[in-house]
Each structure stands twice: as structure tokens, then as C-alpha cells.
Amino acid sequence: MIIAVASGKGGTGKTTVVTNLAWLLKSEGVTLLDCDVEEPNSALFLRPKWEESNSFRQFVPEVDLEKCTYCGQCSQLCQFGAIITVKENILVFPELCHSCLGCKRICPVDAIGDGERELGTVSVGRAGAIRFVQGELRIGEAQAPPLIREVKLRGIVPARKNVVLIDSPPGTSCPVIEAVKGSDLVVLVTEPTPFGLHDLKLAVEMVRTLKLRCGLVINRSTIGDRKVWSYCQEENIPILLEIADDRRIAEVYSRGELVVEALPEYRKAFRHLYQQILTLTKRN
Amino acid sequence: MKEIVILSGKGGTGKTTLTASLAALWKNKVTADCDVDAADLHLILRPEIKQRTDFYGGKEAVIDLEKCTQCGQCQEVCVFDAIDADFVVSEINCEGCGACYYFCPAEAISLIDRHSGEWYLSETRFGPLVHARLGIAEENSGKLVSLVKGQAKMLAEQRHLETILVDGSPGIGCPVISSLAGADLVLVVTEPTISAKHDMERIFSLAKHFGVPAAAVVNKYDLNENLTEEVESLCHREGVELLGRISYDPVVTEAMVQGKAIVEYTDGTVAQEVRNILGNLQAAL
Numbered sequence: 001m002i003i004a005v006a007s008g009k010g011g012t013g014k015t016t017v018v019t020n021l022a023w024l025l026k027s028e029g030v031t032l033l034d035c036d037v038e039e040p041n042s043a044l045f046l047r048p049k050w051e052e053s054n055s056f057r058q059f060v061p062e063v064d065l066e067k068c069t070y071c072g073q074c075s076q077l078c079q080f081g082a083i084i085t086v087k088e089n090i091l092v093f094p095e096l097c098h099s100c101l102g103c104k105r106i107c108p109v110d111a112i113g114d115g116e117r118e119l120g121t122v123s124v125g126r127a128g129a130i131r132f133v134q135g136e137l138r139i140g141e142a143q144a145p146p147l148i149r150e151v152k153l154r155g156i157v158p159a160r161k162n163v164v165l166i167d168s169p170p171g172t173s174c175p176v177i178e179a180v181k182g183s184d185l186v187v188l189v190t191e192p193t194p195f196g197l198h199d200l201k202l203a204v205e206m207v208r209t210l211k212l213r214c215g216l217v218i219n220r221s222t223i224g225d226r227k228v229w230s231y232c233q234e235e236n237i238p239i240l241l242e243i244a245d246d247r248r249i250a251e252v253y254s255r256g257e258l259v260v261e262a263l264p265e266y267r268k269a270f271r272h273l274y275q276q277i278l279t280l281t282k283r284n
Numbered sequence: 001m002k003e004i005v006i007l008s009g010k011g012g013t014g015k016t017t018l019t020a021s022l023a024a025l026w027k028n029k030v031t032a033d034c035d036v037d038a039a040d041l042h043l044i045l046r047p048e049i050k051q052r053t054d055f056y057g058g059k060e061a062v063i064d065l066e067k068c069t070q071c072g073q074c075q076e077v078c079v080f081d082a083i084d085a086d087f088v089v090s091e092i093n094c095e096g097c098g099a100c101y102y103f104c105p106a107e108a109i110s111l112i113d114r115h116s117g118e119w120y121l122s123e124t125r126f127g128p129l130v131h132a133r134l135g136i137a138e139e140n141s142g143k144l145v146s147l148v149k150g151q152a153k154m155l156a157e158q159r160h161l162e163t164i165l166v167d168g169s170p171g172i173g174c175p176v177i178s179s180l181a182g183a184d185l186v187l188v189v190t191e192p193t194i195s196a197k198h199d200m201e202r203i204f205s206l207a208k209h210f211g212v213p214a215a216a217v218v219n220k221y222d223l224n225e226n227l228t229e230e231v232e233s234l235c236h237r238e239g240v241e242l243l244g245r246i247s248y249d250p251v252v253t254e255a256m257v258q259g260k261a262i263v264e265y266t267d268g269t270v271a272q273e274v275r276n277i278l279g280n281l282q283a284a285l
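From first to last, the protein sequence lines are chains A and B.
Numbered by the numbering used here, the letters in the first sequence go through residues 1 to 284 in order.
Numbered by the numbering used here, the letters in the second sequence go through residues 1 to 285 in order.
Honestly, the hints are just simulated from the structure, not real lab data.
We put the CB at the ideal spot given by N, CA and C, even for glycine.
One thing to keep in mind: the hints can contain errors.
Calculated lysine to aspartate or glutamate pairs in the EDC-like style (CA-CA distance at most 16 Å, straight line) [to be verified]:
{"id": "1", "chain 1": "B", "residue 1": "Lys-67", "chain 2": "B", "residue 2": "Glu-107"}
{"id": "2", "chain 1": "A", "residue 1": "Lys-67", "chain 2": "A", "residue 2": "Asp-114"}
{"id": "3", "chain 1": "A", "residue 1": "Lys-211", "chain 2": "A", "residue 2": "Glu-235"}
{"id": "4", "chain 1": "B", "residue 1": "Lys-50", "chain 2": "B", "residue 2": "Glu-123"}
{"id": "5", "chain 1": "A", "residue 1": "Lys-211", "chain 2": "A", "residue 2": "Asp-225"}
{"id": "6", "chain 1": "B", "residue 1": "Lys-143", "chain 2": "A", "residue 2": "Glu-95"}
{"id": "7", "chain 1": "B", "residue 1": "Lys-260", "chain 2": "A", "residue 2": "Asp-225"}
{"id": "8", "chain 1": "B", "residue 1": "Lys-208", "chain 2": "B", "residue 2": "Glu-241"}
{"id": "9", "chain 1": "B", "residue 1": "Lys-143", "chain 2": "B", "residue 2": "Glu-241"}
{"id": "10", "chain 1": "A", "residue 1": "Lys-201", "chain 2": "A", "residue 2": "Glu-234"}
{"id": "11", "chain 1": "B", "residue 1": "Lys-67", "chain 2": "B", "residue 2": "Asp-86"}
{"id": "12", "chain 1": "A", "residue 1": "Lys-26", "chain 2": "A", "residue 2": "Asp-184"}
{"id": "13", "chain 1": "A", "residue 1": "Lys-104", "chain 2": "B", "residue 2": "Asp-86"}
{"id": "14", "chain 1": "B", "residue 1": "Lys-2", "chain 2": "B", "residue 2": "Glu-162"}
{"id": "15", "chain 1": "A", "residue 1": "Lys-227", "chain 2": "B", "residue 2": "Glu-254"}
{"id": "16", "chain 1": "A", "residue 1": "Lys-181", "chain 2": "B", "residue 2": "Glu-157"}
{"id": "17", "chain 1": "A", "residue 1": "Lys-181", "chain 2": "B", "residue 2": "Asp-86"}
{"id": "18", "chain 1": "B", "residue 1": "Lys-2", "chain 2": "B", "residue 2": "Glu-157"}
{"id": "19", "chain 1": "B", "residue 1": "Lys-27", "chain 2": "B", "residue 2": "Glu-241"}
{"id": "20", "chain 1": "A", "residue 1": "Lys-211", "chain 2": "B", "residue 2": "Glu-254"}
{"id": "21", "chain 1": "A", "residue 1": "Lys-26", "chain 2": "A", "residue 2": "Glu-62"}
If you want a taste of the chain A side facing chain B, the calculated C-beta under 8 Å gives, among others [unchecked claim]:
{"id": "22", "residue": "Thr-12"}
{"id": "23", "residue": "Ser-27"}
{"id": "24", "residue": "Ser-99"}
{"id": "25", "residue": "Gln-143"}
{"id": "26", "residue": "Ala-144"}
{"id": "27", "residue": "Pro-158"}
{"id": "28", "residue": "Ala-159"}
{"id": "29", "residue": "Ser-173"}
{"id": "30", "residue": "Thr-222"}
{"id": "31", "residue": "Ile-223"}
{"id": "32", "residue": "Gln-233"}
{"id": "33", "residue": "Glu-235"}
{"id": "34", "residue": "Glu-265"}
{"id": "35", "residue": "Tyr-266"}
{"id": "36", "residue": "Ala-269"}
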């Protein structure tokens, strides 16, 4: 079962939900994938011991100038402006390359070889019984989706029936799509404020575009207004859990501790959330 | 002309809330919302849209099934797994690379411009606003950010405005890099949590990588004063100027619910803190 935890707006509590759920499910063989590769934070709370950490690289064209005839076919094909031919000169802009291999395939004289660009690192480890995979985007690298894809390839073993929890990046564009794609349920986390609701609507639209199912966690549920509840009713979105605004949770979070450890009275709430997730994924 | 970009690394630290108040206080500026993926600034600035323009960010492949001979070449060359068994292109997976288009022997594939969103020129009670909406599940947020920034710059030149105030997005990837390009200062909004501190360090590295000086503000500083001091000493070590602290106060959410900037809604402590930050920011420039 793959559960992705996402939100339109950042800072609503995705990492809190993912890490606390993982801790509760540790005896069930859970895997946590931190797919927020731009700013991975789950490890700060679960402090895994890393077993391996590998640089993740992707193809970029490397032109053999001895063979190149400057015919320009590669530049014509490339939609990203990553390889430019100007008269007797050819320029490669690795950071613009999407690694589609089109240039290499179309070159009539085999002048394009395999160069590479580092997108970031993928680390695998364990936090007690929790299996942990995280991606970390290299500073200055713009493209997160291929790295997210790699984290999922490393972390999801199709034959295994264990629970996989995905910490997604905020937003609704390509990195989020890559993170939530293929999951059995998307748990959206929001707060009942105008910003929270506005971005929740975008997130719901995103989930529906991907034809996935979703449920909602309303964090800091006692602040703001009640518009999120009426929206959920209109749109028929199940509310899986409400967590009241509690300064102690914010303080526990600030120190990098888990709510279920520091404030055991919240274990029941997170267990309830898991039960709700199970009910919802079994329904269809 | 000076361009200030508000970033944070971590989401939800208060970028938009601070931007709205700076926009309310600052004269002679253009505001730009470059969080095109989940734009919220308009909820406070309540713009009157003057001009609406479609944004075409990239290409997408379309297969003409009447011409298609089902030879499978396109599926073979597509590294994005975007062409299914029935030769239909998945809009979500297609990155518009054009490989299938060039290799189709039956010329059954065309590359069309992809409608990826809209951008707007607007007026608000705090002056002009340039903002946008990236379509759901779209790519090319970086291109749209560049476009919004370019429009804001043009507007500033036309109207002889001295400053461009840019609200950025969380993270350090494509849209953030685009919003950093050519900026004079990055204002990092952080909070005293270990995740915000971790993410702030990555934003500092990114700003350094692109040669843009950074300044910082600690929001909700009284949530964990020990960590606030740690965050501030980290800023000192990195040579990042601290422009101020903002208290943890429910009035911030109340103002948001009313669709108002903090400085419009209250004259209390938080509003004073924001005013001081603006003073320090203008001095830093």
C-alpha cells in the first residue's frame, strides 16, 4: 500500500504526518520515502542510520568534435535549447537537458556520447525498523522530478506488500506529480486558513487530474475559519483527522522530535488516522 | 532599480504574509507573485485584473491515429513512458522533448504548443501586481516565473518605480532558481525549527551559488528562543544580515482571514516588528 502525503501550501504538516505515522507503523515493516528532494526534512525527525548514499546522474550529450559535422540535426530536435549548433561550433548547456536521448539517437555520425550531470544523491538507511530512502537535490540543480523517480525506484519493491509512506514536496506541478503518481491514496494536509483552503483546492484538482483518491488531514484545526469543512462537504472529501492548534506540538516539532513520542496522548489520533486510511483504501 | 526576492526553502514560514505587509508599506514599487504553483498573495492584495494572457510553456506530442501505423518507434524512443499501448500520449508524462516526432516514420506525430497557465497584470490598493497561475500538473514553472519577473521589470521601468518586490516559492528547484536570477537581494524568511534552519542553509548555499546576497528574518521567533539564537548565529557566520524578528501571534491568521495585510489590520507588536524590518531592509539596500 502506497500512501503519499501532500499539500498545495507548504508548512501545513506533511512531514509531521509522515514521520509520526511511520513511527506508529514501525512494527509492520514500513518504508518512508522522502520525495521532497529540494528540502528533505523527514530524516531530521527519524534520524536514520544511512547504509549507502549514491550520487544520481543523468545523461547529457558529450560531443566528439572530431566526428561532428555540425549538421545541426541535434539542435533542431532539442526542444530545450540544451545543444546549440552555430556554424562550426556546438555548445551544450547541461542544466537545460532533459536526458531524452533524442540528440544521441538522431546524430547521423555517432558523434554524441554519454556525458553525465549530477542531479543529487539518493540515500538508503534505517531508523530502527523503518526503512528510509531520501533524495537530496544538488544545490543549483533545477530538475527535481528525475531524482524523485529514482527515490521511488529504490524504495518501492512491487512484490512486497508493506506500507510505503511518501513525503511529497508542496505545490501542484511536476515534482509533486512525480511524488504522488501511482499511490493508492493521497493524504492531503491543510490548515483552515484562506491560504490553506486556496492551495487545498489546487491540490484536490491535481489529485483528480491524476485520477487518484484523497483524504484530508486538517492541521491546527482550531485556527482560521470553517470554510475548509464546507468545501470538503461540497466536494465529498473525507476528513481523516483533525489536529487542534496546540503550541506544544509546534514546540516539539521545532526541536525535531516526534509528537507521538513527546506527547503520547496524540498516539490515539495518529492510530485513528491509519485506521481511516485503511478503511478508505479497502473500500474500492 | 532594485529587486528583492522573498524565499524560505521550507514552505509555510511566512513568505507571503511578510510580502503582503511589505507591499502595503512600501511606496514606488511593483509586486510580483512568483509562487506560480500555489500563488496566495492575491488573497490579501485582492487585485483587479487589467490584462490576462495565456502562457504556453513548452510542447506536447499528439499522435494522429489515422496516420499511425502502430510500428512502435515512438514508444521505443520515449524515455518518459508517455505513449501507451494504444498510441495515446499521456499529457502528464510527456515532457515535449520531440524525440517521437522526429523518429516517427509515418509522420503521424505533431508537436503542439502546450497551454500551461495564465499570467496577469493587475492593480491593487498597494500598487501594481504581476502574478500568474500555472496549470495543474504542468511543467515549466521556471519559464513562467521568468516571464512574470520580466513583466514586473518592464512595468517598473514604464512607471519609474524603484523597487520590485518578489514573493517566491518554497524549495530550491526550478521556480526558485528562476526567481533568484538577476535579483539584488534574497530575503529569507525562517522560523526557529530544525527543519526551517536546515532548509535556510540550503537557500543560503543557493544564493551564494548564484552570487546573490542574502538577508534573513526569523518569524515566530518566540516559539523556541534557543533555536532562534542558533539560527541567528548561523546567519552571522554566513555573513547574512538579520533584519529582524517577528512574534508568534494569532493576529497574523486573523488578518489573513480578513484578507488584510498585518499592518492594515493591527498596530500591535507584530505590525511594529514588520515596520522595523522594512526600515532595515531599505537601509540594507
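Checklist line | Lys-2(B) paired with Glu-157(B) [C-alpha distance capped at 16 Å] | finding: The given pair, whose Cα atoms are some 11 Å apart, holds under the 16 Å limit.
Checklist line | Distance restraint between Lys-208(B) and Glu-241(B), which requires alpha-carbon spacing of 16 Å or less | finding: Measuring from Cα to Cα gives roughly 14 Å; hence the hint holds.
Note to self: Need the status of pair Lys-181(A), Asp-86(B): alpha-carbon distance at most 16 Å?
What the structure shows: With a Cα-Cα distance of about 21 Å, the restraint between Lys-181(A) and Asp-86(B) is violated, given a limit of 16 Å.
Check: For the hint on Ala-144(A), does the least C-beta distance to chain B fall short of 8 Å?
Finding: holds (5 Å)
Check: Given Ile-223(A) as an interface hint, is the shortest Cβ-Cβ distance to chain B below 8 Å?
Finding: holds (5 Å)
Note to self: Can you confirm whether the C-alpha distance between Lys-143(B) and Glu-95(A) stays at or below 16 Å?
What the structure shows: Distance of about 14 Å is within 16 Å: holds.
Check: Taking only the CA atoms, is the gap from Lys-67(B) to Glu-107(B) under or equal to 16 Å?
Finding: With Cα atoms ~7 Å apart, Lys-67(B) and Glu-107(B) stay inside 16 Å; holds.
Notebook entry, point to check: Against chain B, with CB atoms and a cut of 8 Å, does the hint on Gln-233(A) hold up?
Noted result: violated (19 Å)
Item checked: Satisfaction of the Thr-12(A) interface hint, Cβ to chain B closer than 8 Å -> holds (6 Å)
Note to self: For a C-alpha distance cap of 16 Å, please report whether Lys-181(A) and Glu-157(B) respect it.
What the structure shows: violated (43 Å)
Next item on the list: Mind checking the alpha carbons of Lys-104(A) and Asp-86(B) for me, to see if they're no more than 16 Å apart?
Entry: With a Cα-Cα distance of about 27 Å, the restraint between Lys-104(A) and Asp-86(B) is violated, given a limit of 16 Å.
Margin query: Checking one constraint from the list: CA of Lys-2(B) to CA of Glu-162(B), max 16 Å. Satisfied?
Written below: Within the cut-off at roughly 6 Å; holds.
Hints 5, 9, 12, 13, 16, 17, 19, 20, 21, 23, 27, 28, 30, 32, 33, 34, 35 and 36 from the list above are not met by this structure, while the remaining hints are.
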